[in-house]
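In case it helps, the numbering used here puts the sequence shown at residues 1 to 217.
Please keep in mind that the hints were generated in silico from the structure rather than gathered at the bench. Certain hints may be false.
[Unchecked claim] Okay, the calculated beta carbon distance ranges per label pair:
#1 LYS62 - ASP82: 14 to 24 Å
#2 SER148 - ASN216: 35 to 45 Å
#3 ASP82 - GLN162: 12 to 22 Å
#4 LYS182 - ASP82: 14 to 24 Å
#5 SER27 - GLN162: 32 to 42 Å
#6 ASN206 - ALA167: 32 to 42 Å
#7 ASN216 - HIS99: 11 to 21 Å
#8 ASP14 - GLU127: 38 to 48 Å
All residues carry an ideal CB built from backbone N, CA and C; glycine is no exception.
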Amino acid sequence: MGNHLIAPSILAADFGNLKADLEMVNSSEADWFHIDVMDGVFVPNISFGMPVLKEISKHTKKPLDVHLMIVKPQRYIKTFADLGSNILTVHYEACNHLHRTIQEIKNNGMKAGVAINPHTNVDLLSEIISDIDLVCLMSVNPGFGGQSFIEATYKKVSRLKQIITNANSTCKIEIDGGVSDKNAKKLLETGADVLVAGNHVFKSDNPTETIAKLKNL
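Working from the sequences, and respecting the hints, build out all of it.
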């Protein structure tokens with residue numbers, strides 16, 4: 001069992017029974033809640049907005065790992081801080097002034113994450129790796145849950161680990177998309193620190209047990 005973290009993705013929860021699913025994660029071996037915020041512009045789907053996040057934060061006893069798949073995320077940094085976000089991740093592809101956005105996230109008391117889409121080169125992050133707490137590697141194309149895992153992700157994890165080590169950075173590598181028991185062990189061995197799991201957890205017969213299995217790899 002390593003020191004890796006498990007972050008169940010609330011996008012895959014049962015929205016008609018959300019409180020029960022949040023309680024399940026609270027009482028499980030999961031470390032964070034992963035919450036995807038989508039605007040229908042940066043990605044084709046639309047998901048949680050501010051009122052839903054406000055309600056979710058009332059029922060969560062673990063850190064909120066909020067992933068903004070939106071254009072111009074800098075507009076909402078303070079809002080997400082006020083809503084109880086602990087980690088705020090913005091997309092490399094959505095930020096014109098990434099360094100400034102990262103500083104603003106930190107100035108608002110949150111850890112700063114940067115997400116990159118499957119076709120974005122990880123080397124683009126080498127200049128800012130020392131300033132960020134988390135890199136979220138999308139291992140499916142962002143916007144919808146339930147997609148197949150992209151195999152080229154392993155190579156990206158290895159390269160990113162190299163960049164982080166060379167910079168003497170403590171930045172964590174998070175994998176988001178298609179994570180399951182079929183690829184989790186290899187991802188951790190390749191250098192991943194945080195596994196986001198959606199359907200694999202919430203669509204399983206025993207989500208608590210599924211989380212425990214991922215945690216104890």
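Status of each hint after checking the structure:
For the hinted restraint 14 to 24 Å between LYS62 and ASP82, the CB-CB distance of approximately 19 Å keeps it satisfied. A hinted range of 35 to 45 Å is violated for the C-beta pair SER148 and ASN216, which are about 25 Å apart. Checked against the hint of 12 to 22 Å, the pair ASP82 and GLN162 fails, with Cβ atoms roughly 37 Å apart. Separated by about 39 Å at the C-beta atoms, LYS182 and ASP82 break the suggested range of 14 to 24 Å.
For the hinted restraint 32 to 42 Å between SER27 and GLN162, the CB-CB distance of approximately 38 Å keeps it satisfied. At about 40 Å, the CB distance of ASN206 to ALA167 agrees with the hint of 32 to 42 Å. Range check, ASN216 to HIS99: about 38 Å between beta-carbon atoms, so the 11 to 21 Å window is missed. Judged by the Cβ atoms, the range 38 to 48 Å given for ASP14 and GLU127 holds: they are separated by roughly 41 Å.
Going through the hint list in order, the structure does not satisfy hints 2, 3, 4, 7.
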